[in-house]
Structure formats: structure tokens, C-alpha cells
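Asker: Those sequence lines, one after another, are chains D and L. Under my numbering, residues 655 to 965 are what the first sequence spells out, in order. Under my numbering, residues 142 to 581 are what the second sequence spells out, in order.
Keep in mind the hints are simulated off the structure, nothing from the lab. Note that the Cβ used here is the ideal one computed from N, Cα and C, for glycine as well. Check the hints yourself; a few may be wrong.
[Stated by the list, open to error] Here are a few chain L residues that sit away from chain D, every Cβ distance over 12 Å (derived from the structure): (1) Pro144; (2) Val173; (3) Ser189; (4) Leu231; (5) Pro260; (6) Gln282; (7) Val340; (8) Glu349; (9) Asp442; (10) Ile492; (11) Gly495; (12) Asp527; (13) Asp541; (14) Ile549.
[What the hints assert, rightly or not] Per the computed footprint, the stretches of chain D lying under chain L, defined by three or more beta-carbons under 8 Å from a beta-carbon of chain L, are: (15) 729-741; (16) 755-766.
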Amino acid sequence: MGSIIIEVDALRREFDETLAVDGVSFSVEEGAVFALVGPNGAGKTTLMRMLAALLEPSSGTARINGMDIREQPRAVHSLLGFLPDFYGLYDELAICEYLRFFYHAYRLPREMIGRRIEEIQAHVGLEGYGDRQIGTLSRGMRQKLSLARAILHDPKILLLDEPAGGLDLESREEMQALLKGLARTGKTIIVSSHILSELEDYCSHVAMMDQGRLLFAGSLTDARRRLPAGRRFRLRAAAGVERAVLQLEAQGGVSHVERHGSDVVFEFDGDQPAVAEVVKALVGAGVSLTHFSEAAGTIQDSYNALMKGSR
Amino acid sequence: MTPLSERFPEIGRYAASELSRMRVIAAVATTVLIGACFLSMACSPLGSKDELFKGAILVQALVVLVYGTARAAGAVRAERQEKTWDMQRLTPLSSFEIAFGKCIGAPLFSYFLAILMLPWAIVGVFVSNGAVSFTTLLGSQAFLAALTFLAVSSGLLVSSHTIERVSKPIAEVLGLFLGIFAITVFMGVVTTHSARSHVVYFDHDWSEFPWLTTSALLFGLWAFMGANWRIGRDLLEGGRIWRLPAFMAFLLLFQAGLLEENYHAITLAALVLVYAAALLNPEGHEQWRKWLSGKRFLSNDIPVAVATSLSYVLYAAFSTEFLLLYWNPQNNADWRMPLLLSLFLVRDCAILQGFRFFKIRYPEAITMIFSGLSYALPIMVLKSLDADRFIYIFAPYPDDDVGVIRNILPSLLQALAMLSILLLVIRKRFWAAASAGCKP
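Just chain L, with the same shape it has in the complex (with noise of 0.2 Å):
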């Protein structure tokens, strides 16, 4: 046991399980055949000089990125699936102390073999004859460990909101998506890097490695804080739900200094992460009652889809009046994009929460499957009947030909009528058992 390992003991567990002897000897004896392998490529004469250098950082993402994100993102579902959840909630441990114990622990053998691949890669400088810098590897190291950081933590994220009916593939895909996304952004970013690649942000050149890391960390940070919050919901530690309305404030402002044409993969990917945490969160009627019969609107018991909803819908009321104010000059319809997306959110959301009440079985995947119709659905009908104009009723699309209340109505009037359908539901499920005596 190592200090860190008796601060965090999950850092210990996870070193007792996963780098058990036979383990070491292989990750050794296939880090210096793959090494061997790049080198021999790098001195042929028909080699390129840089392969070592691109091959032993490729070995080091793909591990960490794919593999160490896939073992973060089934790290909580894991122990809630074998039960061996609530014996670490009853021990003293912080949310803290699990979250960065399963951070660092959970990809253990991925770090293992990326550390074992990186004498290759400093080999690799010096075998390129120049073509690497050291610059060049520190920045892609430095850079590799926040984004590390960030497909970690966003793993844990997501396996933390991960309960064990909801079924393990989500958690599991998602994971895997995400490193392969986490991967696909590194490699492109490393392989088309040179001396004079730089970001334009708030108007301002910024270096691309030192702007890409802290923006990874700044990510990362979030999500573990997201991951911690989930966790000390479980361990009843109370903490307040405050971090995702605070990540939407801080998506804002890094939105805001970039260039207008990715504001929309912003936006996008905010949603996806919304609708991500509201579909793993399967609330029923009990998070609920508690919510509504507390004092606080905003405490810990709001359900998780309430407050992601809530949070994207206060993101795209700021975003449109950003979008309207400063990153518009083409004056077109785009700046109603958010607005479209949040209400749309809602009604998805308020149809998620109808079939959990319902009792229907696999409410998730009935709304994943019932929202995806009501899109598809009318625009593939709408586009085989050549009547185009008309798909801003059934889908979040700013129309350019429609005036700003004719273009939102629809998605306005069909947000409203599922949430009305829900109020109803919950009148009528908790308003009425309260009056009969169940509520507390």
C-alpha cells in the first residue's frame, strides 16, 4: 500500500485486481514487441521517419482513450450490478475519495501501458531526424493526459448516472463512443499540428496544445464534478445540484469566444449530454414524491431530468440572445436553433417521464425509440410529399422562409401539451395519494 493508495483505497483495489504478476509481464513483454515493431518500420528506407513518434502515441491514445474510458464507464454501473455498492457507502469514504479512487484506478492497466509506451515515443523523437520536436511531444503528452482526464472523468460520468435497470449496454456504448470520439479528436489534432498551429479564441491567437489542454482539463473538471455530485447522491452526502446550470454557464462563455460556425456543435453536444443523463436516470415515482414534498425546488432530490432540462433550457435562452446579439452576422434564422432544441428536450423529456410513470416497461428505450419515430416519421413523409416547408412543426429546424413565432409555435405548443399531460399525471398520482395520507 502506497500513501495514495491508503488515501484513496480504490486506487489499491484496482492495483490488486488488475496488475496482478502475469499481467505486468505481458504489458511488458507487448509494449517492447509493438515498440520494436514501429522502430523497424521508422529505419526502413521506405519508412517514415515520424512512425515511431506517430505509432507509440496512437498505441498510448487508443489504450488509454478507448480502454481506460470503456473501464471508467462501467466502473459504478459494476459495482451497483454485483452489489458491491452499498458496502463501499457505508464506509467512511467521500464521494470524493471513490470518484478520483475510480478515476485513477478503474483504467489502471490502460495508464500502465501508455507509461510503457512512452520511451518509444521519446525514441521516436530522436529517430525522426527532425521531424518531431520535443516540443512537440510534450505538447502532445501534456495534452494526451487532459484529454485522458476528460474521457475519464466523462466515463465515470456516465456510469455513475448508470442504474442498474436501465440496461449496461447504454453505459457501455456510450463509453465506447466517447473514447473513440476522445481518440479521433487527439489524432487529429496531433497529426496535423505543426510550429505554427494556433486557435483563434475571443479574437486572440492562442497556441493550439496549451488551448486544447486547459480546455480538456476545464471539461474534465466538470465532468468528474458531475461524476462526485452522482456518487454523493448515492452516499446521502446532500450536495446541491448546482454544477450542471454552472457547466451550461461556463459552456456559454467558451462558446462565446469562439468562432461563429461552432456554435452549433456546441449546442448539439450539450443536448446529447442532457438527454444522456436524463434517459440513465430512471426516477420513478419515489424521487418524485420526495422532490415535491420537500421545501426547496432546487434541493438534491430533483429529478435528474427536470434539472438537465432545466439547465439546457436557461443555456438556450442566453445562447439565443449571445446568437442574436454577437454571432449572427449572416442575420439568418440559426440563432433560433437553441430555443428550438430546448423545447423540443422538453417535450422529449416530459414523454420520458409519462412512460416511467405508466409503469411501462423499458420506459428509456420506449422513448428513445418513440422520440426517434416523431421526428424521422413526418420528415420522411413530409419530403416524399415534396412539402419541405413544413418541417419545423415535427422537427427543431430555424426556417429561414417563416417568421421567429410561426417557426417556434409548433415545438412551443408541443412542449406545453406533454407537459401539461404530465402535470395531470403527477395531480393526479401525488397530489391525490398526498391528500390520502401517503405523503409524508
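Excised from the complex, chain D in its bound form (with noise of 0.2 Å):
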């Protein structure tokens, strides 16, 4: 990770007498792939509008590589590639027509149009479609091309909006791909989206929000830090699994005893001796244990454990 590239500040807007994002600071590390997480109506989308300079804030600021998104929209309009949360296509225009007209959008050097047209359909898996009509892709299509657009000038910045969002499970794996291998190549990404364990195998940093507040801002440690104060065990028995729920059930300090087919999933607020009494208690019971192990806390353990503190 590097220095601050972008910096958020006190960033607010209403839309008339709505309060779509309340007052958000939080700051970006370059190279970070920094997920935006929260339900519907959170202000994920205002707010990447506002970081992509498209919506003026009612107030606060935010910083892009050092230039305000207030005083300076142009200028952050060149740094960053913005997937927004819909389309945005030409439908009567071919791919190949489409990307060559932002191309020429972008000003960028009519040599090497026709290469890096050819490039950008290749990285996103839309080579060899380059005369196919938009109107006839697939939504699965539309989505990489629209990623292609957003890549097309090699933006340092990347801000995308649910990329996975309505796209069937084949093409969610592909655009998964897609990202990690855009988080590969250290650009740094702000990634809002719902299905937070995708974003878990490729995102460095985590932002939740709700209600356009944002309940949390850091690290993906910092934000598994964050679960509750009971840890989580998880245990695998070849025989004895209802015993052992029942013992659970009735040992002290134990909670949300959680059953799914030969594994059991629980909470425990003890400390180490505790844990092996625990043990104990449930080979006794005649349980035949076959693993035990403390569970790390996932995003969405987080996003749950926040969520369920801010209502």
C-alpha cells in the first residue's frame, strides 16, 4: 500500500429533503481495493457519484489523488473509471464502434487505436465480438463492455457500482475474475456490492454503510476485530451430533448453538482452560468429535455484528 489517494471528507448530500449520504470521512490507500457494503438506500451510489465528480455534494469535499472533486471535476474525470450501476450503452452501435468512439472520447493517441481496442476486448473476454450489435449482447456482455469503457484510458482509479449486480452465476464468476485480476495490477478500486463473501477473496479494506452513515472504515482485520465479544467454534462429529447440541445448549457461557448436517456452529464467551472444559464435557457426552476449531470471522460476520449495533 501507498500514500492517500483518496480522502474523503465530511461528505454530505440530500436530495431535497432527503438525506442520501450524511456526512462521510474515511481515506483510500493506493493500491487498496476498498469494498463499499450496506443494503439498498445505504448512499453506496451517491457517494461513488460523488468520488466519480458526477454529483455535486450538499456539502464536505473529497480529495482524488490530491484534487478536489468540488473545485476540480474535469480534472478527477481524467484520473478515474467509473462502472456505474447500469449500462450506459449505445445499443445501435457494434463494440467495436462503441469503444472506438471513447476512445477518440478519451483523447488518447489515434496510433494505437486499433491495438489497444483489440487489448481491451481480449482482457475483458469480448474478442472476436467486436461487429456484434449491443442491442443483441447479453447482460453479461454489456457488463464487460461497459468495464471496457471504464478501463479503455487506463485509469489509475477505478470506482465500480455493483459489477456483479444482475448478472447470472456463470457471469458473476467471470466478472469475480475480471476484478481480481484488476486488483492484481494495483490500480486501486472502490467496489460497492451486496455479496460480500466475492469481495472477500480480493479486497484489502472495508467500508459498511446504512442509512448514508458510515458505520465502519478500515482494514479487513480491523473490520473482523469488530466481531462480537463472543468467539465462534465450529466442531464435526461422526456420531452424536444431537448430543452434542443438547450439552452446548446446557453448558454455561454457550450461544447461538447453530446445527448444519454433521457440523454444529457455536459461540462462546471463555477463555482458553474454558474452551477445553468445553471439549471435554462433549467427548464425555459421547460425542465423536472429528474436528474442532475456533471459525474466523468473515466481512459478513462484521457487516451483521454492525449492522445489527446501528438499528
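Taking the hints as your guide, dock the two standalone chains into a single complex.
Answerer: See the structure below:
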């Protein structure tokens, strides 16, 4: 990670009497992959559009690579690639014509046009489809084309708003592979999504929003530290799973016991000797343990915990 | 890609979607057929010799002024609706590059059709046996080009001011209306044109075609700059809103050179423009908050309804002065007209903004209905009661039978009453909110 490239300072946006983003502040380091998570209406898209200098804030500001989004919006535009939560494509054009249009619009060197368009098509998996009319493309291909447009001018910063939204499983996996590839190139990426498990694979930082407010912003490690006090454990039993559940429910300090087939997950608020006592009690109750471990918290767990706390 | 479409990528984009091979073949075949029909009419013993020329330029005018203007009137609105606008906003393209690209690109197919009809217009001069001269051909083509620039720029102006929330039909009807108006003017001038046609302007005789062409170009340039400013506002370019007041000043100067009987038409045309701009920009709380919390009154954030009304009021004040000093040989009450119109405009704009603040659904449509009724109903009632002498109270009517103050006072009071209500709303909504900590 490097220096701070995005600095958000008390950003606020109202739409008439609706408060969409409420004094959000955070910073993003260069090269970070920053996940922006939150339920519908949390203010993620409004925040993204303000960072992209497409929407003026009601108050507060943000600096992208040192440039103020309010004072130098046009300079900010040239620094970033933005993938909105809609396609925004010209249906009557062919893929090549669309990319050629944006190539010229971005004022890229004319002598490189053919090579760059082929390169970008190959990069997003649209090679061989150059002559296809956009109106005839599937959702997945349309999203790939939108991504191709966003990265056509090789921006330092990418803002991706729900890149996997509305895609089927296969297209989502392809999109995720593309995003992982982009994350490896060292670009600074802010990506919003509902599917937190997918973000966890390639994000370094996370910000959680609800009702326009920022609940948390920091590294994934910091997010996991936000887990509730109770530690989560997972056990697997070859026999006596029901007995294990009963035993755990009767055990002091144990809560949230959940059975998933031959696995049982539970929370336990005790120190290491107390954990050893739990294991001993389970074995004593005739449970044939094949696995017992402390479960690592996921972003989803942290997110759930924060959401519970905020409401 | 040509150097032009590289400089203005919008032209290349429209060329790719508008000029497909099939469309080009169909256009060539159609124009050949249409031209051949007119030629056979011109060559028939009963036909008029200038039939081909007039037919060819009518087709040219129809395609560029009606179809072309309608295309331009949908250009920015369609992008906002299809959500492609943001993608363009993110590119380094300037407002000028986008506006010019759209002016040329959006009606591209209509230009192509008009160019295909040009050879037929030239043949028309040859087969007219001297009824049409090459001077008329050149003059009509130059005038058509200038009028096209005016109509297409005005279409783009309407489109750039049309926000997606405002119903799509308003922009399209306005585009069509502009086109039909332009073609009526064009055909009226061309069909009545003769070598002796002239215009009296600032007490001098001017040849008709050069004068009209120059006027259309000047008005077109203003419309283009207006569209450019509005697109620039979307691009957050921060240009100053000086073009409308500047246009009003130009209009005043332009008007000053015309014969006195033309001034009402120009005054009303300017008013229609102002109403259209105010109605097409649904600026609500956020825009007003930005403007009121800004440092400058005349900033780029000024709501369009405020800017246009103010410009018109200034225009009306100067216009009245001119009318009093120079244009009122009959010494009647007509000079009061611009003042009365501007006061009713202020009243209507205050009503419009009030409806927007009170979150009434479709405030633009409700304002149009409300304002229409506020003029029409009292007039109908007064007419039925044979009390015409009170019409000046409810409508902009310069009444020779009443004094100046009595004539102007009712409209002034209505404007002030509506402005006071609007100010109360603003105080309540913005200044109260500001003291509660909402102000940036």
C-alpha cells in the first residue's frame, strides 16, 4: 500500500428533503481494493457518484489524487474509470464502434487505437465479438463492455458500482475473475456490492454504510476485530451430533448454537481452559469429535454485527 | 474516422448509427425517385417551369428543418434517459465539443438527404427557363443553411434544458414546433422572393436573403451558445450565465432596427423562450440551496427560472424605454406591453417554483394549467358579463382607456404577492434548515 489517494471529508448529499449521504469521512490508500458495502438505500451509489465528480455534494468534499471534486471535477474525471450500476451503452452501435467512440472521446493517441481496442476486448473476454451490435448482447457481455469502457484509458482509480448486479452465476464468476485481475494490476479500486463473500477474496479494505452513515471503514483485519465479544467455534462429529447440540445448549457461556448437517457452530465467551472444558464435556457426553476449531470471522459476520448495532 | 469525427467523436458515433449501408442506399433511391417525379411535373405541358426547383428545396427544407430539428431536440434528452450521458460527462470532451458534435451528428441523416436533393435543385434552375436564377439558388441554400443552424441549435437548446423528469413530449413537441415554424418562414421567404425583395432595417434597404441569412446565423449562434452553457453546467464546467442577458440586449438592438409593427412579435417570441426555459428546468430544493448558500448572486448555480425572468424584466424595462422614445408614433398604450408581460411572467415563475417546492406531482404541467386558467377564465367571465374594461386586471393587456398606474398596478400586485409567498417558503425551507445545521 502507498500514500493516500482518496480522501473523503464530511461528504454529505441531500436530495430535497432526503438525506442520502450523511457526513461520510474516510481515506483510501493507493493500490487498495476498497469494498463499499451496505443495504439498498445505504447511500453507496450516491457516494460513488460524488467521488466520480458526477454529482455535487451538498457539503463536505473529497480529494482524488489531491484534486478537489468540487473545484476540479473535470480533472478528477480524467483520473478515474467509473462503472455505474446501469449499463449506459449505445444499443445501436457495434462493440468496436462503441469502444472507438470512447477512445477518441478520451483523447487517446490515434496511432494506438486498433491495438488498444483489440487488447481491451481480449482483456474483458469480448475478443471476436467486435462487430456484434450492443443491443443484441447478453447482460454479462454488456457488463463486460461497460467495464472495458471504464478501463479503456487505463485510469489509476476505478469506481465500480455493483459490478456483479443482475448477473447470473457464470457471468458473476467471470466478472469476479476480471476484478481480481484488475486488483492485481495495482489500481486503486472502490467496489460496491451486496455479495460480501465475493469481495472478501480480493478486497484489502472495507467500508460499511447504512442509511447514509458510515458505520466502519478500515482494513479487513480491523473489520474482523469488530466481531462481537463471543468467539465462534465449529465442530464436526462422526456420531452424536444431537447430543453435542444438547450438551452445548446446557453449557454455561455458550450461545447461538446452530447445526449444519454434521457440523455445529456456536459462540462461546470463555478463555482457553474453559474451551478445553467444553471439549472434555462433549467427549464425555459420547460425541465422536472429528474436528474442533475456532471459526474466523468473515466480512459478512462483521457486517451483520455492525448492522445489528446500528439499528 | 475522419479528422472531423476524431475532433468531435459525437459525429463519428452518429455516423456509425445513422448512416448504415442500407439507409444510404434507401436514401439515394428515394431522392432519385422524388427528383424524377418533380422533373416530370416540370417538363409536362401543364406544369410550372420552376416546379422541380421548388419541389427540391421543399424536400430539403422538410428533412433538415422538421426531421433534423426533431432529432436535435431529442439528442441530450435521450442520452439522459438512456443513462449514457454520465459516460460522456466522464470523458475530457468539452461542452463545445459535445454541443457541436450533436448539432452536426444528431441530424446527420437529414443533412445527407438534403445534400442528395441539391443536384435536383440545380437541375431545377436549368429547366426553369429563367424563372429561377442561380442567385436565388445560392441565396436559398445559404438561407436554408443558416435557418437549419438556427432550428437545430434551438432544438439542441430545448433538449439540453430538458431533464428526464420533465415529460419527454414537451421537448419533442417543442422540437417539432420549431421545425414547422422554421419551414413556414423558409418557404414563405423563398416562394415570395424576387430580385427586388428587400428588408428595411435601421432605415436602410437590405437585400432579403443576406439580411435573413445573417439574422438566422446570429440567432442560431445564440441558441447554440445557450445549449453549450447548459451542457457545460452538466459537465460542472462553471461557465457564467451571461448569455441570456446578452441575448436580450442583442434582441433589443435587433428589434430597434425593425419597423415598429414587428416589435410585439419579437417581444412575444422572447417570452415563449423564457417560459420554455423555466418550465424545462425542474430545479428543486437542492439547486436553490446551492445558489442561496453560494457567494455570488449571478453564479452558475442560479436557477434558470430566476435567470430567465430577471433577463426578461431587464429586457422589458429597456424595451419600454425604446418604445416610449422611438417606436410609438401612434402614441397609444402599446408601450406598456413588455412591462405587463414581464410582471405576469414573474408571477407565473413564482407559482411554478412554489409548486416545485410544495412537491406537487408534475409541477410544470400544473403550472401550465393553472396559469392558462388564470388568464382564460376571468377573460371568459368578463366577456360574458360584457365587462371587457376589466380585462387588464387579469391579463397582459395595454388598455388605452385607463391610466398607466391603473393598468400596471394589478399585475404588479399579483407578481409581488406571489413573490412574497415564494420568499416566505424560501425563508421557512432554507433559512430555517440552515440554522438547524443543514446549510453547507
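Asker: Are the hints correct? Go through all of them and say.
Answerer: Going through the hints against the structure:
1. Pro144: violated, 10 Å
2. Val173: holds, 26 Å
3. Ser189: holds, 42 Å
4. Leu231: Nearest chain D Cβ is 5 Å from L/Leu231, so the label is violated.
5. Pro260: holds, 30 Å
6. Gln282: Given that every Cβ of chain D is farther than 12 Å from that of L/Gln282, nearest at about 31 Å, it holds.
7. Val340: holds, 43 Å
8. Glu349: holds, 41 Å
9. Asp442: violated, 9 Å
10. Ile492: Holds, since 19 Å exceeds 12 Å.
11. Gly495: At roughly 15 Å from the nearest Cβ of chain D, L/Gly495 sits farther out than 12 Å, so the non-interface label holds.
12. Asp527: holds, 48 Å
13. Asp541: holds, 47 Å
14. Ile549: holds, 36 Å
15. 729-741: holds (count 7)
16. 755-766: Check passed, 7 qualifying residues.
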